[in-house]
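Participant: Here is what each chain is made of, one letter per residue.
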Amino acid sequence: MSDLWKLTAHEAHEGLRRREFTSVELTESVLERVARVEPTINAYITLTAELALEQAREADAKLAAGTATPLTGIPVGVKDLIITKGVRTTAGSKMLENFIPPYDSHVYENLRRAGAVMIGKCNMDEFAMGSSTEHSAFGPTRNPWNPELVPGGSSGGSAAAVAAGECLVALGSDTGGSIRQPAALCGQVGLDPTYGRVSRYGIIAFGSSLDQVGPIGRDVEDVATMLDCIGGHDPRDSTTNPEPMPDLRHYLGRDIRGIRIGVPKEYFISGMEPGVAARIEEALALFESLGAVVDREVSLPSTEHALAVYYIIAPSEASANLARYDGVKYGFSDRSAPTMWENMEQTRAKGFGNEVKRRIMLGTYALSAGYYDAYYLKAQKVRTIISREFAEAFEKYDVLVTPTSPTVAFPLGAKVDDPFAMYLNDIYTLPASVAGLPAISVPCGFSDGLPVGMQIIGNFFDEGRILQVAHAFEQASGYRNLLAPMQ
Amino acid sequence: MALTRDDVLHVARLARIALSDDEVERFRAQLSGILDHFAALAAVDTDGVEPTAHPLPLANVMRDDVIEPSLPRDDVLANAPLAEDGYFRVRAVLE
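Note that the protein sequences, when read in sequence, are chains A and B.
Per the UniProt record's numbering: the first sequence = residues 1 to 487.
Per the UniProt record's numbering: the second sequence = residues 1 to 95.
Please note that the accuracy of each hint is not assured.
From the structure, some residues in chain A lie toward chain B, with a derived Cβ separation under 8 Å [unchecked claim]:
| # | residue |
| --- | --- |
| 1 | 201 |
| 2 | 269 |
| 3 | 270 |
| 4 | 272 |
| 5 | 336 |
| 6 | 379 |
| 7 | 412 |
| 8 | 414 |
| 9 | 415 |
| 10 | 416 |
| 11 | 420 |
These are calculated hints, taken from the structure and not from any lab test.
Ideal Cβ positions, reconstructed from N, Cα and C, are used throughout, including at glycine.
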């Protein structure tokens, strides 16, 4: 029973339901795994072992009483920008190093209501700004497939924790690819829901028109279960969709004969690794063998502009959201200077890391007098064009399929001093984020022994369809529950 | 778009971030490079295109103006770097 950490969440649920083991035993197995691999991986900023065992005991009581849900007693990781009452929440920043939230986020409330067990708060790029989890004030997370490589970012801690067996499923957040890209680089399934599907109440804000919480798991069924738990309307977030959540697991197991798959040619650019291109081609052939209709001649001509649009809009929103860190109400504070303004400038100089400062500066510049029209307003207009192109594509296709990332995991430090090279990692995930569309990354094989991710993009609130297509692929390919081969 | 040292200092002042001399030069070079890559946006024909501030159409959400419980004051002040007599303590705003 010591290998319970290897189970997916739904396998563990079955074992718990049949009384083959208890949630306490499952949690202890995961905590032992954490103790063994965490010194190498650094997937967590804060471990909550005692709380986890307390929650596991509560879960066992629910299981005994017959009031369990599919997540009752399941060990989860929670990205450290998701507010958890009484548990330190840092957003990966020195600025919030000692911040103890006085309330719970909507998504954590839902996890608790479901009876999930929190193992800890997962490492991340500071304020979710980055593609490698090297921009964390608490040290980088390492890729469980090879600790010399990055796990992707910004939810690299969540993805690495799932891949290394340090939890069964995890929550991440995606602003421009921060769930899908690390899921791809760690060989896991990551789902960025439609903007507005999941409440952002209690989520530390980065880019408010882009941020969305979503699950990372070892297979498609687990991410569907997690999204079922956290999604839906929340009156505390007026941008959440008021429609009732569909039962997403209802879409799993359906065949995909006749499903129309579009493959936008603009996603197959120079710079993509041959191994990535080859795995996507093999995946498309598999889709065809399953009866889907694949069209490789789709064109979304404005795709090339998504990177600029994103890296103007997101930093602009970040520059406003991060204005709250002034050293007065909470967080790090430098009081060494004699005036209020100097205190504020020193607090922000010493509390923020380089990437955060760079993006605040970029956003402040794009919003400043004389440049607003040329950068921010222009980007918002091109965002409209990108959204229109997607809307036209979804008149002809049920889903769009692309690579998730142009490369497999890259070495730590390789891009950390070249911000534009780092930004290019998100080139395939940014367009769907800019348009607010749901997208999932699923493993589709390996290149040089490292996992390759495939992205499936759907229309607004059509998570069921992308889960259906992803699940059909996963079942046919056998790429599921890919635990990294580390001892 | 080559930024000058004064551009960077101006933006840093607006953003309320103190920068060292090394940071000013590093951000000047990096931000100039990033903005160069974004120059292609200027060539996109956006005549008659409405800007998208939000991916979904938003409607104003109203509720009855009913007073609801807020966080207890002590909980709010628990994370404050300095608090006194139930208030946040700051340096003088007006000299």
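Participant: Going through the numbered hints above, which ones does this structure break? Give me the numbers in ascending order.
Facilitator: 1, 2, 3, 4, 5, 7, 8, 9 and 10
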